Amino acid sequence: MFDDHDDLATREAHWLIREFGAEATLHAAMKAQKAIQQKDFARCARWKRILEILAEGRAANSAIAKY
4 MFDDHDDLAT
14 REAHWLIREF
24 GAEATLHAAM
34 KAQKAIQQKD
44 FARCARWKRI
54 LEILAEGRAA
64 NSAIAKY
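The numbering used here applies: residue 4 is where the sequence shown begins, and numbers increase by one.
Incorrect hints may appear among the rest.
To be verified - Ranges of calculated distance between the beta carbons of each label pair, as one might list FRET restraints: (1) 46 <-> 17: 24 to 30 angstroms; (2) 21 <-> 42: 27 to 33 angstroms; (3) 45 <-> 25: 15 to 21 angstroms; (4) 23 <-> 48: 26 to 32 angstroms; (5) 18 <-> 48: 25 to 31 angstroms; (6) 8 <-> 41: 15 to 21 angstroms; (7) 26 <-> 46: 29 to 35 angstroms; (8) 11 <-> 37: 17 to 23 angstroms; (9) 7 <-> 59: 14 to 20 angstroms.
Bear in mind the hints are in silico, worked out from the structure with no lab data behind them.
The structure displayed is predicted, hence computed values, not measured ones.
Here a beta-carbon is modelled for each residue, glycine too, at the ideal position from N, C-alpha and C.
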């Protein structure tokens with residue numbers, strides 16, 4: 004079930020892909036790391052979810068490419 008936070012994270016992930024392409028995951032990881040350093044764990048959780056969405060999309064794209 005999608006909630007507002009998941010929808011926002013999904014939109015952010017898609018924006019990262021459009022903006023940075025193959026390096027989208029790297030940029031999201033850097034944002035998560037910065038949030039950890041600043042002890043902003045809510046923001047870190049958001050970036051972790053974005054990283055999960057990016058990973059799910061990568062897995063789905065590779066599965067589609069196989070068939």
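Against the structure, the hints:
In this structure the hint that residue 46 and residue 17 lie 24 to 30 angstroms apart at CB is violated, the actual value being about 19 angstroms. Our hint of 27 to 33 angstroms for residue 21 and residue 42 holds, since their Cβ atoms are close to 30 angstroms apart. In this structure the supplied range 15 to 21 angstroms is violated for residue 45 paired with residue 25, their Cβ-Cβ distance being about 28 angstroms. Taking 26 to 32 angstroms as the suggested C-beta distance range, the pair residue 23 and residue 48 does not conform, at roughly 21 angstroms.
As the Cβ distance of residue 18 to residue 48 is approximately 18 angstroms, the hint placing it in 25 to 31 angstroms is violated. A beta carbon spacing of about 20 angstroms between residue 8 and residue 41 agrees with the range 15 to 21 angstroms that was offered as a hint. Between residue 26 and residue 46, the C-beta spacing of about 20 angstroms breaks the proposed range 29 to 35 angstroms. With their beta carbons about 18 angstroms apart, residue 11 and residue 37 fall inside the hinted range of 17 to 23 angstroms.
Residue 7 and residue 59 have their C-beta atoms about 19 angstroms apart, which keeps the hinted 14 to 20 angstroms range intact.
Comparing the model with each earlier hint shows violations of hints 1, 3, 4, 5 and 7; every other hint is respected.
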